[in-house]
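Protein sequence lines correspond, in order, to chains C and L.
So the first sequence is numbered by UniProt numbering: it starts at 1 and just counts up by one.
So the second sequence is numbered by UniProt numbering: it starts at 1 and just counts up by one.
In short, the hints are calculated from the structure, not lab data.
Treat the hints with caution; some may be incorrect.
Copies of the same chain look alike in the list, so a pair counts if it fits in one copy or across any two.
What the hints assert, rightly or not - In silico DSSO-like pairs for lysine-lysine, Cα to Cα no more than 30 Å straight-line: (1) 216 - 156; (2) 440 - 361; (3) 259 - 323; (4) 212 - 259; (5) 440 - 212; (6) 156 - 212; (7) 259 - 216; (8) 361 - 212; (9) 440 - 323; (10) 156 - 259; (11) 361 - 156; (12) 259 - 440; (13) 216 - 440; (14) 216 - 323; (15) 216 - 361; (16) 361 - 259.
A quick note: this is a predicted structure, and the numbers were derived from the prediction, not measured.
There are 2 protein chains.
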Amino acid sequence: MNIPAALLETLHATFGHDACSTGEAERLAYAYDNSRRNALPDAVVFAREHAQVETLVQACREHRVPLTARGRGTNTTGATVPVEGGVVVSFERMNRILRIDPDNRFAIVEPGVLNGDLQRALAPLGFFWPPDPTSSPWCSIGGNLACNSAGPRTVKYGSPRENTLGLRAVAGTGEGFRCGTYTTKGATGYDFTRLLIGSEGTLALITEATLKLTPKPSGLRTLRATYRDVSSAAHAVARIMAQPVTPCALEFIDDTALKLARDHAGDSVPLAGAMLMIEVDGEAETLPSAVEAVSRAARGDGLETLHVAQTAEETQALWSARKALSPAQRTISPNKINEDVVVPVSHLPELVNGIRALSQKHDVLIVTFGHAGNGNLHVNLLPRNDAERERAHACLAEVFALVISLQGTLSGEHGIGLVKREFMPLALPPSTLGLMRNVKAAFDPDGILNPGKLLP
Amino acid sequence: MNIPAALLETLHATFGHDACSTGEAERLAYAYDNSRRNALPDAVVFAREHAQVETLVQACREHRVPLTARGRGTNTTGATVPVEGGVVVSFERMNRILRIDPDNRFAIVEPGVLNGDLQRALAPLGFFWPPDPTSSPWCSIGGNLACNSAGPRTVKYGSPRENTLGLRAVAGTGEGFRCGTYTTKGATGYDFTRLLIGSEGTLALITEATLKLTPKPSGLRTLRATYRDVSSAAHAVARIMAQPVTPCALEFIDDTALKLARDHAGDSVPLAGAMLMIEVDGEAETLPSAVEAVSRAARGDGLETLHVAQTAEETQALWSARKALSPAQRTISPNKINEDVVVPVSHLPELVNGIRALSQKHDVLIVTFGHAGNGNLHVNLLPRNDAERERAHACLAEVFALVISLQGTLSGEHGIGLVKREFMPLALPPSTLGLMRNVKAAFDPDGILNPGKLLP
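The shape of chain C in the complex, shown without the other chains (with noise of 0.2 Å):
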């Protein structure tokens, strides 16, 4: 599509000319995302302001043009490509931290405030935001509330929609408005925060958040366990989860996994059927107790050996493993196709198992590691050429019906974006899916924001 001149004028008038281009360089570095998918947006402009993004949208909708908005593009499901073209909004010069208040445990920042920044200026006042996913250095926080991402701490702390308060936005009428609160409980009407977080910029663009902030405890200890196979570790994980002490992560990593992390970080990465890293917090006196307890429910049927890291770097050593996984896939296959499916924990023995048998009978590499304790699994399968590729898309279809059979769901904290709104009908009814386009169409009448993701 051409922009229309007027709307082009309005763009220009708004953002100025350093902060609206339709150059092929903007253009080409604002088409892709971490889902390697690309569509060329028609323009890019990035914000500084909320009344900038109102005009913004007002100006798309009396036009009719597509809009996405865009923090860092780490997201790995296409969520933020153009796929119908239009103008990109980028958030990462609308990056301040307007406000920490720790006597109220909230921060208020602008949505292009990477991740790990916030929690760089939290640290020295004793408080973390808890979701952190491992892009954290590099991912805003507005990308965060747009996917509901998460990370390896959301198995004590829960995710975005557990850890923000209230939310400034310009809903797809044009429309600024404000919902949520600046307290730890609010019952004045509806929850427009949560409707927003996950959204993925379907229905509004978040131009504030007032995140929950979590006092830091003083202590942490990090177990390492493995186990003669998957099944095995995927048991434990499930004895661990039913006792009364939650771990503060709950990382799961399959042989496969194992092998290419110690092919990338060295020999302090042990070779095993599978293995658990397990973290438990909290004021040091406390962690003998939380120690014990998760050891006595990692014990079990398979356990090979259970070790408590002794240093800081030790347990530094542990996470790189765990952290060197993702880029370690890309050097296999560069099309990786990564999936966070989600089972109730219970379930996970069966899900590894039922993952590992459609590995085999797809003949396509599957690595398999992530958040199990909250049930949530990477699964990442890894075609190295065409035939491969083909046969890894049948395979991904099974191991999305076999994760619906096992009540759980297509995503924990990825998003659904591009690539897997196909699979929507797998997760969701057609009476939920259509009160969805309801809402949808209750804040973007003209489907301007972010057109082509999430609703099949």
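Start from chain C and add chain L according to the hints.
Frame of chain C; chain L shown alone:
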């Protein structure tokens, strides 16, 4: 209004004669709730199954007849009073606990299950469901969800919005649907679960809920701190919430409320300028340090006594006094105005001082107590005659204006219902209210569900 004969026929056919009534006695019994407002419905039906509720909503929609859902009517806002007549559907007979799954930390319940009955069923398994309104022995889970009702434990464990995984419901369109997950994490489409929670039966009728369970800590300690005046107690609350050990209850009781409680519960209740009840929970070995941390924060200017309860009986006596407060006030003022405003905790001193000034200015008795850890205070105006009642209403408007000026909101846990909807424009901008009306229309295009509530 009179119910159309065809609708009545459908109701009889759907519910049977023992669960469908147009008799005077039933209509009277379902005309009011704990707000003491009342309005007669034209018919009352008692649901037992999801399919009945679908038929009911479809039939009411076809005939454009208002439909008001009801749990046990313990709400204080008139949320279940059928102000436009029509049909009341009571969920009190749809009260089965369908499944308790400790391994996956969830329970599936019908909406009529009483909060207290659920807690009793969970206790032997070592779990609880955090929301605990004072009315827990008599209030239903469906009502808790409709109003986002909370209670003292919310300060540590969150409200229904933080403790519900998924729902089954029937929208105002007449369509049944499911939303949410059976997992503790999900990023598959819009968050309808939280949207329905707190929507007071205006969007959809909940027929099943999957509740997130929390392991019950094995230990609990209760502290009582008395202060010279309300202001110094309010400052202590802000200090307690600014340090890392979050209490599982932090209740504030002002001097007037203490006198009332003492009249009711005897002289185990101290006389003081104000009192805090502080509870910490956790595994037994963690309690001494937790008690020490909150005690340190409780100390400061104006502290008069600080006492750790030594026995279960002593703890029980403290809570009896706190729980006696609501009924005790009815003896002074049958028409008490029962608010539950909320402000950021650091603004509590300004709030309690401001309320005190307004009480004097308008010459109306105001009792203040509540869940101070969330900044959530029950501000109860106790007019004793018509003249005082008039002054109380003028005073109330100023209380709300004060709350909003302190970045607070109208309701922390009671909701809006009938009695506060005229004040909604104080709390929310016209754009937010407009979008709420759009969302209402998306779920309930003919406006049959609980008309006259929540939105002004």
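Do the hints match the structure? See the list:
When the C-alpha separation of residue 216 and residue 156 is checked against a cutoff of 30 Å, the pair qualifies both within a copy, at 13 Å, and between copies, at 15 Å. Neither within a single protomer nor between protomers do residue 440 and residue 361 lie at most 30 Å apart by alpha-carbon distance, with minima of 39 Å and 48 Å respectively. For the identical chains of this complex, residue 259 and residue 323 are intra-copy neighbours only, at 14 Å inside a copy versus 59 Å across copies, given an alpha-carbon limit of 30 Å. Taking CA atoms no more than 30 Å apart as the test, residue 212 paired with residue 259 passes in neither setting, with 38 Å inside one copy and 36 Å between copies.
For the homomeric pair residue 440 and residue 212, the shortest alpha-carbon distances inside one copy (27 Å) and between copies (28 Å) are both at most 30 Å. Taking the shortest Cα distances, residue 156 and residue 212 sit within 30 Å of each other both inside one copy (15 Å) and across copies (13 Å). When the C-alpha separation of residue 259 and residue 216 is checked against a cutoff of 30 Å, the pair qualifies neither within a copy, at 33 Å, nor between copies, at 39 Å. In this assembly of identical chains, the alpha carbons of residue 361 and residue 212 never lie at most 30 Å apart, being 46 Å within a copy and 36 Å across copies at closest.
Within a single copy, residue 440 and residue 323 get their C-alpha atoms no closer than 36 Å, and across copies no closer than 44 Å, so neither meets the 30 Å cut-off. Proximity of residue 156 and residue 259 under a CA criterion of 30 Å is satisfied intra-copy only: 28 Å inside one chain copy versus 41 Å between copies. For the identical chains of this complex, residue 361 and residue 156 are neighbours neither inside a copy (36 Å) nor across copies (47 Å), given an alpha-carbon limit of 30 Å. For the identical chains of this complex, residue 259 and residue 440 are neighbours neither inside a copy (44 Å) nor across copies (53 Å), given an alpha-carbon limit of 30 Å.
With identical chains, the CA atoms of residue 216 and residue 440 are never at most 30 Å apart, being 37 Å at best within one copy and 39 Å at best between copies. In this assembly of identical chains, the alpha carbons of residue 216 and residue 323 lie at most 30 Å apart only when taken from the same copy (22 Å versus 33 Å across copies). In this homomeric assembly, residue 216 and residue 361 never come within 30 Å of each other (Cα to Cα): the closest approach is 46 Å inside a single copy and 44 Å across copies. Taking the shortest Cα distances, residue 361 and residue 259 sit within 30 Å of each other inside one copy (22 Å), while across copies they are farther apart (74 Å).
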